[in-house]
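Chemist: As a plain string of letters, each chain reads:
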Amino acid sequence: MSAAAPAGAQPPRASANVCQAASCLAMGSAQVCRALEAEVAAAGLDDVAVRRVGCLGLCAAGPLVEVPEQGRIFERVLPGDPSSREGLLASLKGEARGGRPVASDPFFSRQVKVVLERCGTVDPENIDDYLATGGYEALAKVAGSMSPDEVTSEVVKSGLRGRGGAGYPTGLKWRTVAKEAGAAGKFVVCNADEGDPGAFMDRSVMESSPHQVLEGMAIAGYAVGANRGYVYVRAEYPLAAERLALAIRQAERRGYLGARVAGTRFSFHVELRMGAGAYVCGEETALIASIQGERGTPRPRPPYPAASGLWGCPTLINNVETFANVPSIIVRGGEWFASIGTERSKGTKVFSLAGAVKNTGVVEVPMGLTLREIVFDIGGGLAPGRRFKAVQTGGPAGGCLPEELLDMPVDYESLTQAGSMMGSGGMIVMDDTTCMVDVAKFFMDFCRQESCGKCVPCRVGTHEMWRLLDRMTRGVASRWDLEQLESLAGMVRAMSLCGLGQGAPSPVFSTLRYFRDEYVAHIDEHVCPAGSCHMGTAEPAAAGVSPA
Amino acid sequence: MRELGYRPDALIEVLHTAQEAFGYLDAQALAYVGDRLGVPQSKAYGVATFYSYFTLEPEASHSCVVCTGTACYLDGAGALVSAVAGLLAARGQEAAPDRWLSLEEVRCLGPCSMAPVAVVDHEVHGKLTPPGLVSVVESL
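Taken in sequence, the protein lines are chains A and B.
Quick note on this note's numbering: the first sequence kicks off at 1 and runs consecutively.
Quick note on this note's numbering: the second sequence kicks off at 1 and runs consecutively.
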């Protein structure tokens, strides 16, 4: 059980919050939980609760256990190693030693948590935990005492923009869907098809605070006049799907979803739909096709889903993080939200830090923090002896930003201007052992395999660009190949049907813009400056195994 | 299928269930599913082949799925794939009908902090080296 103290008993003097999100679970945190329960009982600490919570953020050092009363997080608490729990047990007994102090450690202290407010504090599988922290209060307020238009106005006032990548103003989108007649009904869809490789913030939110996402969806449903919602989760995230399914059942039983939401006349039913391993389904029109049980191929817009989406009905599509922001906006007001961030990018953004950085994990920062602050202060910089080379944001449609741009503020406009994009929030740090031509090839390989094949520029163009990049990494390319690459990249960007194809050339453009000398070295001198390409190999590398 | 109301749009959900039950989707399963949902067989086949999660081949006894997301790629996912492929080649297992192990690549499983990651028989292994993964696979 999560809470050791029965109802009505005194609250526990101390608690051990054990992270039960995917990374820590893979390191054995479920066993850690059981071992801790036994040890706490054996030590006679009956005023200590061992609780299962969501993501504590610092995934690099899992399994993680937090003792909130002491403000300490203990790292690498391993199931098979009782000595790794010594400091933790001492802390539970009241001694202040060991662990990382949350208040003074920049990884934790530089963050501002809105979306992740409950990640690592509530048990994701227990609705009572969510309710105890003010959960579903926003929905009850909305359905009980606000008009749909007031709700939308509050979201407009907040300045919230879509967190899935493009940054379209959320309030505006809601208003558009609300204005549609929708005689045959309307739908709310949560895009949880977090396909960008290296991005895992949405997974973390769904695994840690699933009710928050559902609450945001229900509020959106009320605002736009929809009574049905779908969460589309990618198949690679079974734990997130499982916790969402459980959360839906719990919320229905407690009357926060279903026929009479919070005792009002508003009804909102949510269904879970699983993806099946197609990156393109993160594109909204492909996602709609997939929910309808079809091949996930995009279609030209307009009509936009706001006018004609699921089964031709007006459909509101937002991503996980966007919905997770909504309950706080309702409770604390749009103005409060708008006071965080920069002039045009309001609020916070959740990033997943990965790659060659010390503190990999999930972080939430106010918009406008610089890349340097995120990578070096929060991320702790690179391992000793390694040199920063680039940070990749925005997934396969984003770009690689060099050292010169480290002092750039992170917001939608700055990133786009620099040739990358916000994307969903994956941030991957690369050091001097990484070859930027090979990185461009990696992303192109991704896009050519994930291209749905519907439109020619993307289907053929990504493949041809990959072949050119492959020639470069094998040291057999000429200057002519480079010219071809550049002109092809421009063509694919301009002519492709959907975001996958339009974005596919971005890694090529950004690496050419900031790391052109590496391309030149590969071509003119047949040398890979990072030393990672096998120059002079005849056979195409990595072409042997087909993707899963 | 009953649970989902025999709706044609439940095709992907039903295929998930069928694959979970039988391990893969053969022509018979696709025909049956299509028939009951009122979906043409061609469409059932089209959908099953579009999504990389569905497989039309019988499963091998064991599976090794190497994550090739960005973080894993940077930390040497390619070498992991080659190491296991090399092991399979050495055992002459590549095309045998009673396959011992299937080697697959997948686009980002999400635990990027543990890169490079592989899933061997549904168990996640992180921070792998090529010899490390080979020894995990060999112990199957």
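I should point out that these hints are in silico values taken from the structure, not numbers from a laboratory.
Each hint should be verified, as a subset may be incorrect.
[Unchecked claim] Output of the computed footprint for chain B on chain A, the stretches with three or more beta carbons under 8 Å from beta carbons of chain B: (1) 98-112; (2) 290-296.
[Claimed, not checked] Computed beta-carbon distance windows for the label pairs: (3) E123/B x W311/A: 36 to 42 Å; (4) V520/A x Y32/B: 56 to 62 Å; (5) W336/A x Y32/B: 54 to 60 Å; (6) A85/B x E86/A: 52 to 58 Å; (7) D35/B x V156/A: 46 to 52 Å; (8) M495/A x P131/B: 42 to 48 Å; (9) T133/A x Y6/B: 39 to 45 Å; (10) E123/B x G94/A: 42 to 48 Å; (11) A85/B x G333/A: 38 to 44 Å; (12) E242/A x Y32/B: 25 to 31 Å.
[Said to hold, decoys possible] Computed cross-link-like contacts, DSSO-like style, restricted to lysine-lysine with a CA-CA straight-line distance of at most 30 Å: (13) K113/A x K141/A; (14) K43/B x K454/A; (15) K454/A x K113/A; (16) K113/A x K93/A; (17) K113/A x K43/B; (18) K157/A x K141/A; (19) K141/A x K93/A; (20) K179/A x K141/A; (21) K43/B x K358/A.
The structure displayed is predicted, hence computed values, not measured ones.
Note that the Cβ used here is the ideal one computed from N, Cα and C, for glycine as well.
Chemist: Now look at each hint and say whether the structure bears it out.
Modeler: Each hint, compared with the structure:
no.	hint	result
1	98-112	violated (count 0)
2	290-296	holds (count 7)
3	E123/B x W311/A: 36 to 42 Å	holds, 40 Å
4	V520/A x Y32/B: 56 to 62 Å	holds, 58 Å
5	W336/A x Y32/B: 54 to 60 Å	holds, 55 Å
6	A85/B x E86/A: 52 to 58 Å	violated, 43 Å
7	D35/B x V156/A: 46 to 52 Å	holds, 49 Å
8	M495/A x P131/B: 42 to 48 Å	holds, 46 Å
9	T133/A x Y6/B: 39 to 45 Å	holds, 41 Å
10	E123/B x G94/A: 42 to 48 Å	violated, 37 Å
11	A85/B x G333/A: 38 to 44 Å	violated, 57 Å
12	E242/A x Y32/B: 25 to 31 Å	holds, 27 Å
13	K113/A x K141/A	holds, 22 Å
14	K43/B x K454/A	holds, 16 Å
15	K454/A x K113/A	violated, 41 Å
16	K113/A x K93/A	holds, 29 Å
17	K113/A x K43/B	violated, 45 Å
18	K157/A x K141/A	holds, 18 Å
19	K141/A x K93/A	violated, 41 Å
20	K179/A x K141/A	holds, 22 Å
21	K43/B x K358/A	violated, 48 Å
Hint violations for this structure: numbers 1, 6, 10, 11, 15, 17, 19 and 21, all remaining hints satisfied.
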